[in-house]
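*Asks:* Taken in sequence, the protein lines are chains Y and S.
In case it helps, my numbering puts the first sequence at residues 1 to 229.
In case it helps, my numbering puts the second sequence at residues 1 to 186.
The set of hints was computed from the structure by calculation and includes no laboratory data.
We put the beta carbon where it would ideally sit given N, CA and C, even for glycine.
Treat the hints with caution; some may be incorrect.
Below, computed lysine-lysine pairings styled on DSS-like, alpha-carbon distance capped at 25 Å [stated by the list, open to error]:
#	chain 1	residue 1	chain 2	residue 2
1	S	181	Y	10
2	Y	60	Y	9
3	S	109	Y	10
4	Y	144	Y	114
5	Y	9	S	180
6	S	73	S	109
7	S	134	Y	181
8	S	134	Y	60
9	Y	114	S	134
10	S	134	Y	9
11	Y	82	Y	60
12	Y	114	Y	60
Reference excerpt, derived from the structure (chain S facing chain Y, CB under 10 Å, subset only) [as the list claims (entries may be wrong)]:
#	residue
13	26
14	57
15	80
16	81
17	155
18	164
19	168
20	169
21	172
22	178
23	181
24	185
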Amino acid sequence: MSKRHSIGKKVAAYVGMPLLFWLLIVAVLATLYLHFLHPYVAPIAGMFFTGSGASTDSVKIDSIYDGPVLVHERTVDASLVKIPNQGTKYGEIVCERIGLQADLYFGESEEILKHGAGQSPRSLQPGFGYPTMISAHNNKEFDKLEHIQEGDIITVYTSYGTYEYEVSGTEIMEPHLFDDKLLLEERSRLIVYTCYPFNNLGYIYRRFFVYAEQISGPRIVFDSEGGGE
Amino acid sequence: MKKGMAILLAVLMLSALCVPAMAASDINEDEQRVLDAVSVVVTSEEGAEMSLYESDVNQAKNFLMRDEIDLDKATADEIIENIEECFAIVEKAGLETEKLTDMAEADRKALLAAANEAGAPVGVTVAYDAARNKVDFTYDGAVIASVDPVIKFTGADYSMLFVVMGAAVLAVIAMAVVVKKTARAK
């Protein structure tokens, strides 16, 4: 056996074959992932494949949330409510029936969405009487949204109160068709969205929206309103 | 109706001239006047309409509701005056675009310089990332508003995986060629 042939065989054995096996494994896993394992693998995969690649966000990730607070009053004083910086965790979003649970941050930059669900700064926090819009990745926190149904209860926990919303409907559309005037309506509702389809390796150009109406939770009142009801 | 430049102008002036004051988290009358001012639609001499996203007013509102921000009449007047002046600059520039990147570089630089100068007294800085076509407004070290699409991308991006797999496929093919050639040589 020539020396050159021996080197070629070694290269094939130590580099080529491992690469070949790696490719096969990835292909098999990708197939299994898309068809069977998505609910179980998504949280792990989401750690590596979220967002649109390298992020240059300068958002600082921190938290002002120490756990849910159950407020039985119908109102909460505005002085107890902090407007968080973008990147600050201020609550959780949960839908028990479908097993959805995610940390809730203010802001929805790439960096923030790597850590959890993000509230759009173009919407207001729960309790102000206006819509709250929250997004998260469809292969991580919001992968279970595909199972949501009308009538499901979504709960948003914050450090100043707990808010429950009943799902009133869902909608699939392209992002540019979303009417952001909805965010200015004086209506206590939750708008949740993620990319659609859920299990898709190709370019994702649609969004899955969930609309839910508030059914409980304290209203935030300011001094100018007389301090409560 | 749109966006980039108008948002930059309006939010900039809104945030840059806010004066830290005693706690007050409600939107007072003067702050509301400012919010109204940023909601206007500007028409350039060429007839192009520019405005914020409707919901961008909420970015401003979220900032104004912070405890440490409380505008008085004089400050609000100054903000509104500067907002109008900035819109006048945009009108004069005759922008027909919704993208900041389409603005003439000289105009953009002048605008950003003016923006940062205006924001400096209260620690507001404006940073523009041309690669991402995104503008961030930072106050006290934290982002308070951004000029970007309302609906974000929230899907998995497997492009890096595809690149790695593609490279691996090429490597395997190369290995096969090498092995075949060496076998022939034998």
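*Asks:* Give a verdict on every hint.
*Replies:* Do the hints match the structure? See the list:
1. S:181 with Y:10: The given pair, whose Cα atoms are some 14 Å apart, holds under the 25 Å limit.
2. Y:60 with Y:9: With a Cα-Cα distance of about 51 Å, the restraint between residue 60 (chain Y) and residue 9 (chain Y) is violated, given a limit of 25 Å.
3. S:109 with Y:10: Answer violated: residue 109 (chain S) to residue 10 (chain Y) is near 58 Å, above 25 Å.
4. Y:144 with Y:114: holds, 17 Å
5. Y:9 with S:180: Holds, because 10 Å separates the two Cα atoms, which is no more than 25 Å.
6. S:73 with S:109: violated, 31 Å
7. S:134 with Y:181: holds, 22 Å
8. S:134 with Y:60: Roughly 17 Å separates the two Cα atoms, so the pair holds.
9. Y:114 with S:134: Within the cut-off at roughly 18 Å; holds.
10. S:134 with Y:9: violated, 52 Å
11. Y:82 with Y:60: This hinted pair holds, its Cα atoms lying about 17 Å apart.
12. Y:114 with Y:60: holds, 12 Å
13. 26: holds, 4 Å
14. 57: holds, 7 Å
15. 80: violated, 20 Å
16. 81: violated, 25 Å
17. 155: holds, 3 Å
18. 164: holds, 9 Å
19. 168: holds, 5 Å
20. 169: Status holds, d = 7 Å.
21. 172: holds, 5 Å
22. 178: With a closest approach of 5 Å, the residue 178 (chain S) hint holds.
23. 181: holds, 7 Å
24. 185: Nearest chain Y Cβ about 6 Å off; hint holds.
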